[in-house]
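Line by line, the protein sequences give chains A and B. Sequential numbering from 3 applies to the first sequence in the working numbering. Sequential numbering from 3 applies to the second sequence in the working numbering.
What the hints contain is simulated information worked out from the structure, not anything from laboratory work. Careful: at least some of the hints might be erroneous.
Where chains are identical, the list cannot tell them apart; a pair therefore holds if satisfied intra-copy or between any two copies.
With a Cα cut of at most 20 Å, we get these calculated SDA-like pairs of lysine to any residue [claimed, not checked]:
1) K371 to D183
2) K55 to R315
3) K164 to N281
4) K55 to Y312
5) K299 to G82
6) K86 to D310
7) K80 to K134
8) K80 to K299
9) K86 to T328
10) K228 to H128
11) K140 to M3
12) K244 to P374
13) K299 to E358
14) K162 to Q108
15) K80 to V297
16) K86 to P304
17) K86 to K299
18) K299 to E76
19) K8 to D183
20) K86 to S159
Protein chains: 2
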Amino acid sequence: MKKGFKYEIIKECRQSGARIGRLTTPHSVIETPVFMPVGTMATVKGLSPEEVKETGAQIILSNTYHLYLRPGTEVISKAGGLHKFMNWDRSILTDSGGFQVFSLSQMRKVTEDGVEFASFIDGSRHFISPEKSMDIQKVLGSDIIMAFDECTASGTSYKKSKEASDRTYRWLQRCYEHTKDWEGQTLFPIVQGNMFEDLRLESLERTIPFAEVGIAIGGLSVGEEKPIMYRMLDVMQPHYPKDKPRYLMGVGSVDCLVEGVCRGIDMFDCVLATRIARNGTAMTFRGDLTIRNAVFKEDFRPVEEGCDCYCCRNYSRAYVRHLINTDEILGGRLLAIHNIRCLMRLMEKIKEAIREDRLLDFRDEFMSKYTPKIQG
Amino acid sequence: MKKGFKYEIIKECRQSGARIGRLTTPHSVIETPVFMPVGTMATVKGLSPEEVKETGAQIILSNTYHLYLRPGTEVISKAGGLHKFMNWDRSILTDSGGFQVFSLSQMRKVTEDGVEFASFIDGSRHFISPEKSMDIQKVLGSDIIMAFDECTASGTSYKKSKEASDRTYRWLQRCYEHTKDWEGQTLFPIVQGNMFEDLRLESLERTIPFAEVGIAIGGLSVGEEKPIMYRMLDVMQPHYPKDKPRYLMGVGSVDCLVEGVCRGIDMFDCVLATRIARNGTAMTFRGDLTIRNAVFKEDFRPVEEGCDCYCCRNYSRAYVRHLINTDEILGGRLLAIHNIRCLMRLMEKIKEAIREDRLLDFRDEFMSKYTPKIQG
Chain A
3 MKKGFKYEII KECRQSGARI GRLTTPHSVI ETPVFMPVGT MATVKGLSPE
53 EVKETGAQII LSNTYHLYLR PGTEVISKAG GLHKFMNWDR SILTDSGGFQ
103 VFSLSQMRKV TEDGVEFASF IDGSRHFISP EKSMDIQKVL GSDIIMAFDE
153 CTASGTSYKK SKEASDRTYR WLQRCYEHTK DWEGQTLFPI VQGNMFEDLR
203 LESLERTIPF AEVGIAIGGL SVGEEKPIMY RMLDVMQPHY PKDKPRYLMG
253 VGSVDCLVEG VCRGIDMFDC VLATRIARNG TAMTFRGDLT IRNAVFKEDF
303 RPVEEGCDCY CCRNYSRAYV RHLINTDEIL GGRLLAIHNI RCLMRLMEKI
353 KEAIREDRLL DFRDEFMSKY TPKIQG
Chain B
3 MKKGFKYEII KECRQSGARI GRLTTPHSVI ETPVFMPVGT MATVKGLSPE
53 EVKETGAQII LSNTYHLYLR PGTEVISKAG GLHKFMNWDR SILTDSGGFQ
103 VFSLSQMRKV TEDGVEFASF IDGSRHFISP EKSMDIQKVL GSDIIMAFDE
153 CTASGTSYKK SKEASDRTYR WLQRCYEHTK DWEGQTLFPI VQGNMFEDLR
203 LESLERTIPF AEVGIAIGGL SVGEEKPIMY RMLDVMQPHY PKDKPRYLMG
253 VGSVDCLVEG VCRGIDMFDC VLATRIARNG TAMTFRGDLT IRNAVFKEDF
303 RPVEEGCDCY CCRNYSRAYV RHLINTDEIL GGRLLAIHNI RCLMRLMEKI
353 KEAIREDRLL DFRDEFMSKY TPKIQG
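Extracted from the complex, chain A is given alone in its bound form (with noise of 0.2 Å):
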């Protein structure tokens, strides 16, 4: 394994097969499962690291082609690297960018070499390898580092998705010789093969040979129905390696983590809990609450009862929802704090349960009371 990295099991639930472990960055001590709060634009949006870090998190996102684009690559080398630009000093993990530029760039053009495509800011054209994305990791510092991937959408034809996965494979081959030597970072894989069974556990065993640290699962939650992630994710579980955390990305809701907790895996991203705060809704263990509903015009409860954030600690619904609906920027400011915070939660129940050998069981009750959207 990388120097400065390490991964340890520290139980394994016998109901569940998932793990409570320790992964070790330069940067921080990491529990998983984990959460990981994003801050695309070396910010988690509308928090200070402070408040990032009261949450619990030791561990954030943040993503290549946005800090690429802007500010550039220049800048935070200049800064020193991203930890000392965006003043984070806990791990942080970057996303490649292969992503974004199937899902934001418009006029892309894909060949073996690498993706080119035009700016969503300002339509300027840029061209970015698997190599490249590599070198911008290396300037950005991130203590874990994605392989360049070709992600397809939902409802992709299997040759095409098998195209897709074909070639990132071959870029990972790029991304690893790029990388082998590099110090302070390590390189997570991602496996491909949309929601086809076969390329999953094609991607899957080859992929392994190159996860030095950790592995990642791309290309879901993409735009497909939940049942079918977790179909995707039922299929491969038998075979990840056992010793490496699991890297589910893009997935944050409340009932995904459980039920991806449940499927062996270890670690997660999402932008869902920020983006929903700032439209003014909280998630809860019972389902989501859209706070501005008049409903909480005079609720002095905090947003979730028995949460020990810095929000519930200190204000009611009913404040919340006026900055919500007087666009006070507080307000959204208050529910990404709880909003992260009750992921976290979440992962301390759900890590409570592995301890103790019953988490099929706490899903199974946990399921049973929640609803994706509820009333007060």
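Keeping the supplied structure of chain A fixed, place chain B upon it in accordance with the hints.
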């Protein structure tokens, strides 16, 4: 003086007559001269109460007019008052709504009884009388409540200015009668008179008997040139009550704070610090910096060298510029923290000069280095 309130003068500058004082309210002890951050909607835009406190603020201002419209008096009453609603345990001063009725409302109709106006939110019709403004402020539970006055814009005729000033006086009598037995809240009367010296002096003279704890100067910084405002302050300065703090309403640029204190002012408030922060402008002792500008792209110095605020201790101009340019909320938040702290630090420098009987020298030196807008 009202129970729970006290104003002591600690030091008077022999060079300028400016004073250092200590204003005690039921919620905190406020050293004057003081800048009061504005929390119009029951939040200092973008900041948590802890962040506001960290700037050194002992008192904030909030707006009766805005809170009356949203979330409404009933919600705040049920919350147990504004302090509890917004989680702020230091002092609060509330504006009476007089200024907002005149500056924000359309189709207002002023009668001797009060003002009928259309809400700036939905056009609904409302009526506020002096007594009603007092009653709302009672529910808000602010430490300092402001008289309901009629404010006139710069350029208003002598006749109309006199009418407004006379009505302000009659309304003041009603505000005073209505509130004189209230506990825990003190009424600050407001001097009007537009830009006419004799009206200012007349208004000041008849307002003084109603100044229990402090007195406010309204109707300045309403569109006139700064020298005209300074002239009005010069005219009034010899006539203020010695033993009461004088509050210049709505003034809060760096240069105006210095010039105001030199003219005997003890209290200031203004939205400028937080408003320009959101547009990416930083206040400094040397003048405003447009952080958005390209010149700051690779400038890794703090926003203002020598500043001890959270922003300057932890972040670079390059990072703040990146946040502002990518519309990241943290950017405006960091600049709001800096700007408020900048005004607080300025007040500390001013008090130092008062203590050393050299405020006029300080002013001359300070202003010789000050340019409204500077480049890097």
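Hints, verified against the model:
In this assembly of identical chains, K371 and D183 lie within 20 Å of each other by CA distance neither inside one copy nor across copies; the values are 49 Å within and 53 Å between. In this assembly of identical chains, K55 and R315 lie within 20 Å of each other by CA distance both inside one copy and across copies; the values are 16 Å within and 18 Å between. In this assembly of identical chains, the alpha carbons of K164 and N281 never lie at most 20 Å apart, being 38 Å within a copy and 48 Å across copies at closest. In this assembly of identical chains, the alpha carbons of K55 and Y312 lie at most 20 Å apart whether taken from the same copy (12 Å) or from different copies (16 Å).
In this assembly of identical chains, the alpha carbons of K299 and G82 lie at most 20 Å apart only when taken from different copies (14 Å versus 47 Å within one copy). Taking identical chains as interchangeable, the C-alpha atoms of K86 and D310 lie at most 20 Å apart only when they sit on different chains, with a minimum of 19 Å there against 29 Å within one chain. For a Cα distance limit of 20 Å, the shortest separation of K80 from K134 inside one copy, 18 Å, qualifies, whereas the shortest one across copies, 59 Å, does not. Only between protomers do K80 and K299 lie at most 20 Å apart by alpha-carbon distance; the minimum there is 11 Å, versus 49 Å within a single protomer.
Taking CA atoms no more than 20 Å apart as the test, K86 paired with T328 passes between copies only; the shortest distance there is 18 Å, against 35 Å inside one copy. Proximity of K228 to H128 under the C-alpha cut-off of 20 Å is found in neither arrangement, the shortest distances being 34 Å within a copy and 51 Å between copies. Only within a single protomer do K140 and M3 lie at most 20 Å apart by alpha-carbon distance; the minimum there is 18 Å, versus 66 Å between protomers. When the C-alpha separation of K244 and P374 is checked against a cutoff of 20 Å, the pair qualifies neither within a copy, at 32 Å, nor between copies, at 64 Å.
With identical chains, the CA atoms of K299 and E358 are never at most 20 Å apart, being 41 Å at best within one copy and 52 Å at best between copies. With identical chains, the CA atoms of K162 and Q108 are at most 20 Å apart within one copy only, with a shortest distance of 19 Å there and 61 Å across copies. Taking the shortest alpha-carbon separations for K80 and V297, only the inter-copy value of 15 Å comes in at or below 20 Å, while the best intra-copy value is 50 Å. Taking CA atoms no more than 20 Å apart as the test, K86 paired with P304 passes between copies only; the shortest distance there is 13 Å, against 35 Å inside one copy.
Proximity of K86 and K299 under a CA criterion of 20 Å is satisfied inter-copy only: 16 Å between copies versus 42 Å inside one chain copy. Taking the shortest Cα distances, K299 and E76 sit within 20 Å of each other only across copies (10 Å), while inside one copy they are farther apart (48 Å). With identical chains, the CA atoms of K8 and D183 are at most 20 Å apart within one copy only, with a shortest distance of 17 Å there and 70 Å across copies. For the identical chains of this complex, K86 and S159 are neighbours neither inside a copy (43 Å) nor across copies (58 Å), given an alpha-carbon limit of 20 Å.
In summary, the structure is inconsistent with hints 1, 3, 10, 12, 13 and 20 from the numbered list given earlier, while agreeing with the others.
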